[in-house]
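Undergrad: Read off the chains here:
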Amino acid sequence: MMNLAQQLREQAKKLLEEKKVDLVIGFGQGTELARNTPVFIDSPEGVSALTWGPFCANNLAKYLVDYKNDPGSTAVVVKGCDARSVNRLLDDNQILREKVVVIGLPCPGQLEWQKVSAEIKPGSTLKEVVDNGDSYTVKTDSGDYTFNKKDYLLHRCLVCENPNPVISDITIGKEIPVKNYEERFAEVQDLEKLAADEKNEYWNKQFARCLRCYACRNVCSVCTCKVCAFDQMQPMWVSKRTNLSENTAFHITRAFHVAGRCVDCGECDRVCPMDIPLRKLNVKIHKDLGELFNSPTPGTEPGLISPLGGFSPGDPEEFM
Amino acid sequence: MESRVVNKGQISELLDKLAKDYNLIAPIKEETMTLFRRVSGAQDVLLDYNNSDISPKGCFLPQNEKTFSYMYTGDTLEINKPVGTQKTVLFGARPCDIKAILTFDPVFDGVKFGDEYYSSKRESTVIIGLSCAKVLSTCFCYAMGGGPCDTTGSDLLLTEIGDKYYVEVITEKGQALVDAYSQIIAKQDTAQLAKDKDELAKKLSGEFVRKVDLTGVKELMDNNFELPYWAGDDQKKCIGCGTCTYVCPTCHCFDIFDYTTGDFTGDRLRCWDSCMFPEYTLEAGGHNPRPSRKERIRNRFMHKIKYHLDRYNMVGCVGCGRCVNKCPVNIDITKIINDLKEVAQNA
Amino acid sequence: MFKRLLEYVGFEPGRFKARWLSGSEGAKFTTTVKEMTEKIKSLGPNKKMRDDII
Chain A
581 MMNLAQQLRE QAKKLLEEKK VDLVIGFGQG TELARNTPVF IDSPEGVSAL
631 TWGPFCANNL AKYLVDYKND PGSTAVVVKG CDARSVNRLL DDNQILREKV
681 VVIGLPCPGQ LEWQKVSAEI KPGSTLKEVV DNGDSYTVKT DSGDYTFNKK
731 DYLLHRCLVC ENPNPVISDI TIGKEIPVKN YEERFAEVQD LEKLAADEKN
781 EYWNKQFARC LRCYACRNVC SVCTCKVCAF DQMQPMWVSK RTNLSENTAF
831 HITRAFHVAG RCVDCGECDR VCPMDIPLRK LNVKIHKDLG ELFNSPTPGT
881 EPGLISPLGG FSPGDPEEFM
Chain B
1157 MESRVVNKGQ ISELLDKLAK DYNLIAPIKE ETMTLFRRVS GAQDVLLDYN
1207 NSDISPKGCF LPQNEKTFSY MYTGDTLEIN KPVGTQKTVL FGARPCDIKA
1257 ILTFDPVFDG VKFGDEYYSS KRESTVIIGL SCAKVLSTCF CYAMGGGPCD
1307 TTGSDLLLTE IGDKYYVEVI TEKGQALVDA YSQIIAKQDT AQLAKDKDEL
1357 AKKLSGEFVR KVDLTGVKEL MDNNFELPYW AGDDQKKCIG CGTCTYVCPT
1407 CHCFDIFDYT TGDFTGDRLR CWDSCMFPEY TLEAGGHNPR PSRKERIRNR
1457 FMHKIKYHLD RYNMVGCVGC GRCVNKCPVN IDITKIINDL KEVAQNA
Chain C
392 MFKRLLEYVG FEPGRFKARW LSGSEGAKFT TTVKEMTEKI KSLGPNKKMR
442 DDII
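Residue numbers (our numbering), protein chains in the order written: chain A, 581 to 900; chain B, 1157 to 1503; chain C, 392 to 445.
Hints in this document: simulated from the structure, not taken from any laboratory. One or more of the hints may lead you astray.
[Unchecked claim] Covered stretches of chain A (chain B as the covering partner; in silico rule of three or more C-beta atoms under 8 Å from a C-beta of chain B):
#1 591 to 597
#2 762 to 770
#3 794 to 807
#4 844 to 855
[Stated by the list, open to error] Pairs of lysine-lysine residues, derived as PhoX-like cross-links and limited to a Cα-Cα distance of at most 25 Å, are as follows:
#5 C/Lys394 x A/Lys867
#6 C/Lys408 x A/Lys867
#7 A/Lys860 x B/Lys1450
#8 B/Lys1392 x A/Lys599
#9 C/Lys408 x C/Lys419
#10 B/Lys1173 x B/Lys1268
#11 A/Lys860 x C/Lys439
#12 A/Lys779 x C/Lys430
#13 C/Lys438 x A/Lys773
#14 B/Lys1222 x C/Lys419
Here a beta-carbon is modelled for each residue, glycine too, at the ideal position from N, C-alpha and C.
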């Protein structure tokens, strides 16, 4: 994987030297061994900060929106899931195709950094990561640690649909076959089986923990409203109060606002400081969309009409 | 002040008694989270944990607080304030979080202004701290004047040593509590335990992996409000959520609003707010003095490292590391401090 | 879609219903309202997302 990082740096350097882009947004080493942090490289010398590996869980696509009005172009490093975000942002007219250069890296799965960190001696320095197919070996100055993917990958990676970026101007790395450790809708189906009051109890418990920090909303690449409904004070759709009623309102409303455009990048779930399983909410909508409208995951191709944004005569009409 | 002992085997008995006599707030495990919640007995209390996901500041500054309710009775507006505060025990808070509560005192219970909602809770709460057994890679309390076994701010501090808890009585409040439960919090010879605690503190102080050096940082910020550093990567990657402020034990910003439930009837609420939200400084006329993430990031870190010191002579960060842990994009106050130190040196 | 989402988070089936009615479908309106009223009465008071529970 270090080899791929090197190739990435070379490509980024070339883009900046040839002034094809003014900025490269990519992954850099974070302040914990198992973390990355977004980096914004605007000079060819700066590309040494770029890195790649299984600690690059962030979806960087949304940052493109910040640079939409800048005169030059911006390059962004994406994995498979993030690339769906790029397509969706293009379709939402949030970014312009000619001002974006997509550097795509096929992704063999991202590790949950907290789980990995708990096993590694604090203060260790990362030397190398080796992809063994079903596991990763993280080599550090305090020893080698192996993590099997089934137990240490982010849950969204266990059901990954697109390990290979669906849009890419420069692809680095070989194509990776789809490998699922679980059936995509298994989690949702388990919840669907419960009785109404059991579902109620489950979700009440989750939503009661919500701090309304809005990390989920802010990280979401399809939440791009300039003035969000939940920030409005007149009318005050929700207040700053974090009781169960308002928290539930927030989550259901947001899930529905993004329905049909959510690309299932899983960032909302990853960033939640209270471990609320938000993907279980959004993936339910994906399941329903598939059943009702036979639509693929949004962002899988550019130009897909959102199932809730378009109409075809064969659409189900249960409300008539 | 004196010190006592509680046998590990009796801690459940103590917690059960405390739960009966007080509003007992202790760490609990909820799925993957460790949180401070009211408990009904020892069975719910989590004793073996690192630190909670959000701080126990909610005991003194709840996320949602009804300051009063109002009702229009036809010719007058009736205002009803909540009465009385339950006597509370906050059990199991770590020294960093307890030190953070001290940073609230000058703000909410200060010389010129007092907040009765805060003060009444503060007065009626006994804080039983629990020394750390482990240092995490995100911890850096030592750099902020604290320590894993620091007694500052506790009424009682418990330290786990072998099969006992070494109990240090720090305040009168703490003394009153141990006197009330003398059966369990027993008077014993604690000379060896005191030595053991010192050993533990020394051992833990060697385990910090985060090197944080504040040299020259405050002076730099005192003289350079418009530092180019603030236009750098941190404000570019920040997504503007409120995670850092909500998990932080020293953050205390709030919003006050009325929640109307009928004709001139409703509640006035005080809820946590975050300076990282764009609307935080949005004025009624439409102007926003902190229009972009650059100003908001600058404000947050200057508040922690400079403003709180200026105003109250207390550093605004206790080094608990929660923000470092929870920030979705790995914005790290320790990195910022070290970067600023370099900027100061190169100036 | 929304109905399915609401049921997924714990609203009882039948608590929420969406119906397309035009101004000239008076009879359909009446039957829909009557059916819904019956259904809600049989379900009892709604326990989710109540404002009186802090």
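Undergrad: If you test the structure against every hint from before, which numbers come out violated?
TA: Numbers 1, 2, 7, 10, 14 - these are the hints that the structure violates, sorted from lowest upward.
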